[in-house]
Amino acid sequence: MINLTVNGQPVTVPEGTILLEAVRAIGVDLPTLCYHEALAPYGACRLCMVEITAPFSATVASCTYPVEEGLVVETDSPKALATRRLNLEFLLSRCPHSSTIREMAAGEGVTYSRFGEPPPDEADELCVLCGLCVRVCRDVIGAAAISFIGRGTKRKVGTPFNVHSDACIGCGACAEICPTGAIRIEDRGSKRILHTWNTTVELHACPECGRFFAPEPMSLLKEIFPEIKDLWTLCPACRQQRTARQWLDTETDKA
Amino acid sequence: MKVRTRSDLATLSSSGLSTLYPPGLRISVGMATCGLATGAADVYHVLHDEADRRGLDLMLVATGCIGYCQQEPLVDVYMQGRGHILYSKVTTDIASDMIASLASGELPTEGALAIIPEENSRNSKPLEKLAGLPLLNDLPFYSLQHKIILRNCGLADPVCLEEYVAREGYQALALALLDLKSEEVIDQVLGSGLRGRGGAGFPTGRKWQICHDEQAQPKYIICNGDEGDPGAYMDRTVLESDPYSVIEGITIAGYAIGASQGFIYVRNEYPLAIERTTRAVARAEEIGLLGNNILNSGFDFNISIIRGAGAFVCGEETALISSIEGGLGEPRPRPPFPATSGLWGKPTIINNVKTLATIPVIVSHGSNWYAGIGENGNTGTVVFSLVGKVANTGLVEVPLGLTLNDMLQGIGGGGLNGKSLKAVQTGGPSGGCLPERLFHLQIDYETLTQAGSIMGSGGMVVMDEETCMVDVARYFLGFTMSESCGKCTPCREGTRAMYEILTRIVEGKAIPEDLKLLEEIADWVKTASLCGLGQTAPNPVLSTLRYFRDEYEAHVRDKCCPAGVCRALIQLNILPDLCTGCRLCQRECPVGAISGEKKKPHVIDQELCTHCRSCYDICPEGAVEIARG
Amino acid sequence: MPLIEHPPPLAGGALLATLHNINAKHGYLPEEDLCYAANELGVPLSQLYSAATFYAAFSFKPRGRNTIKVCLGTACYIRGSDKLLEKLEATLGVKEGETTDDLAFSLETVYCLGSCSMSPVIRVDEDTYGRLRADHLPRILKKYGPAAVDA
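Protein chains in written order, with this note's numbering: chain C, 1 to 255; chain A, 1001 to 1629; chain S, 2001 to 2151.
Source of the hints: derived by calculation from the structure; they are not laboratory data.
For each residue, glycine too, the CB sits at the ideal point set by N, CA and C.
Certain hints may be false.
Facing chain A, according to a computed beta carbon distance under 7 Å, are these residues of chain C, among others [to be verified]: (1) C45; (2) R46; (3) M49; (4) T53; (5) F56; (6) T59; (7) T64; (8) L86; (9) R151; (10) G152; (11) R155.
Restricting the straight-line Cα-Cα distance to at most 25 Å, the calculated cross-link-like pairs of lysine to aspartate or glutamate (DMTMM-like) are [what the hints assert, rightly or not]: (12) A/K1516 <-> C/E117; (13) S/K2061 <-> S/D2033; (14) C/K79 <-> A/E1519; (15) S/K2025 <-> A/E1275.
Assemble the whole structure, with the sequences as input and the hints as a guide.
Okay, here's the thing in structure tokens:
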């Protein structure tokens, strides 16, 4: 176990814990964008920066810093606050219409950005380049349908050549994990349209009722998890009905 | 032939000596990229064709860079029993005459610059006519230098293994593999005090020790040849002129840490370096100095060469690793550090080209010898590319502790065209500008860092009274902004924001608050960025604000550029009394804004003029006036 | 463990070398070649595409027969390489990053060619030219495409 001090409070956590978790353990809620428990830490957004005041002086990103014995950490020192605020000012300038960013900024006392607004064709930008979608698609799902494109201020996320991706299985993990709701997915008829990725996948139709209920490419799960093969035959509603009927039949037979 | 024993190495050495100092004549033409850029290839061909035509028996070699780039094309002539002379600024005409002289048994005199002293040659007394020539090491450009990293550059055929061995090559590898344990090799490097020559200056021996002590296998050793600092070409030169020094160095490093696979990552913009290094690796493999059971020691080592693809950030070690693994050059958070978990998660050492080129010399001469050069904590030599507004430009290797004055005045020969020096920039885009009043400072890691710059990889750009320091800061931020990988918010957004503010300043559109904002953003980018690129990107801004704040204030407050550079703030006029109507400026003007007949005063059309100052630079009469503010 | 298994890691530098090969063969990276290469290498297309768009060495549009690179490195910049760029832009009628209509020349900038003592420097294909002034340029261009230049 490692002992350290955060904002004057003693904290004890297992070795290998990252500083962000140690900070959260005492209830301090640092804003984060690129950190997620299911993914390896990425260190891109730099919002979780804290100041280490002993035994040395440093400002570090807490999501990628493993705890050390005797660390003295301040999460709201003038330096730490200043770095978070300026960061949010820039994010606000990039995504003025993102409610997530506006709230996060307001939480740190930032309501206005000195860095202006984006040009009209970028005004609705919601992506903060945190990389969660790319990482979940690549590392958790394994489909790797999207990736970072370009570099520097031209960096963005997309499918190769910005067109439909055959690698996409339509699972929607990207939209689920996106902190700002930048990814738009719409089920329309027999298709799931991932608007943000210019990608469309077919949906599987229930043989019983004809409703579309799962992306066809995800049928590969049948191979990976043979125990759920049955789940593919019927949609949830019909499956529930059939299960209820089967139970009733069983009970009737007994009686 | 395969080299398996020390005695085999001795055979190679004899062979090398016989070509380095052949009976008769040997001419070497400096054909690294800088030589080629000034026409060395044409000189080579003329020498070849003329010698052929006259039936002159000679050994003609394309060699590397001897460092005195200002004097290119450089040719050296070795005539056994007579002398070894270096010739400078050799044109095709001079080359032709040289062959004529040599054909009649005389060492040429035109273009003779210096005598190259040789320990190994037999009886090198120059002819009477050249007796007054200085020795190479006595030339002001060379007298303060101490060549270790550049020991072979320009003095041997870069891809001839025999010549490398003849000049003490591979003695160190034999010593390491056959007589020393890996821990003993690391001890030598530790004791030498060698610090990473890529810029950060971390003690090399300590890094090797950490990696050596890691249990995980396999381990890797990478040579970082992704030299991207604009203004720096030291690593290119070493790879083009002496690739075996790096190959031997990386092999020893592999032995020391326990790695059997090495990578040499070379910047894409260096095709000649890639070509020569590739040939040298192939030759070393062919002869058994790479591969399995090197020198019968049981040690296996292989090298793969990786060609970069145009991204400055790949010089950062975690981005380099990322680039080798799967393409994208994105930095990763540290810890873990590469020595513990690097390439494919395994213990990895990344060393700069110059660091690895130094290793063989430390192992063969011993740590004490190396530690005796320079000063405590800053031992050995560093290589600088001395460029910019200085009279003698070129590649320079000096002991640490030399002062900037010695470098700029002693070696550099002072300002170009007699202009007074204003500042020197070290460390590339990660470094800072130091003003003239600090030129008494010694060149060492700590002194430069405290003064607001860094040692860096060795780029040293000299600036004079006609350089605008705000323009310089903007130039560097333009660079880092375009090279930022974009992963982390501070670097991606902050470098652009700083660049935009600096643009406002040089265009005369800034307000006083802009300077405060600039400093605020600079501090943030320095503190919050993920990797060294972002963390050091603000240095050019911070150092110029520290030492040249008056220039910033002039731009902001008075809309004036004191150096007369910033286009929006100057106007150019031709003074009719001084103009002789030579038309040089007319031809030079990129936008055709100058009119005037021959021998009549010319006039600049202010509507068309872009204020680029080409006319001012080319006018031989000083007839172009720059109106500031 | 990802749902869909990851392919085994590539040999060091294999991805970059593949992109270099395609770029060298065609002068740029055609879409079909990238898709084919991703298949052959066994990497996701998104990974290959990501790298292809990250590096300055690769182009997605056909390049000219000759590539001119103007060095904007510090030493060259101080000795006026931006004026060389202006002269070339004016002479060829294209901006930096563009290719002439007849595909004779592509004009690019590079942040350092490593020939700093010869500043200012340009490279045309494999040839490096140093110590340049703007009025040297027309003569150099003529060596590569006499018809393409009207200085």
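Results for each hint:
no.	hint	in the structure
1	C45	holds, 6 Å
2	R46	holds, 5 Å
3	M49	holds, 6 Å
4	T53	violated, 14 Å
5	F56	violated, 14 Å
6	T59	holds, 5 Å
7	T64	holds, 4 Å
8	L86	holds, 5 Å
9	R151	holds, 5 Å
10	G152	holds, 4 Å
11	R155	holds, 3 Å
12	A/K1516 <-> C/E117	holds, 21 Å
13	S/K2061 <-> S/D2033	holds, 13 Å
14	C/K79 <-> A/E1519	holds, 14 Å
15	S/K2025 <-> A/E1275	holds, 18 Å
Hint check: violations occur at hints 4, 5; the rest are consistent with the structure.
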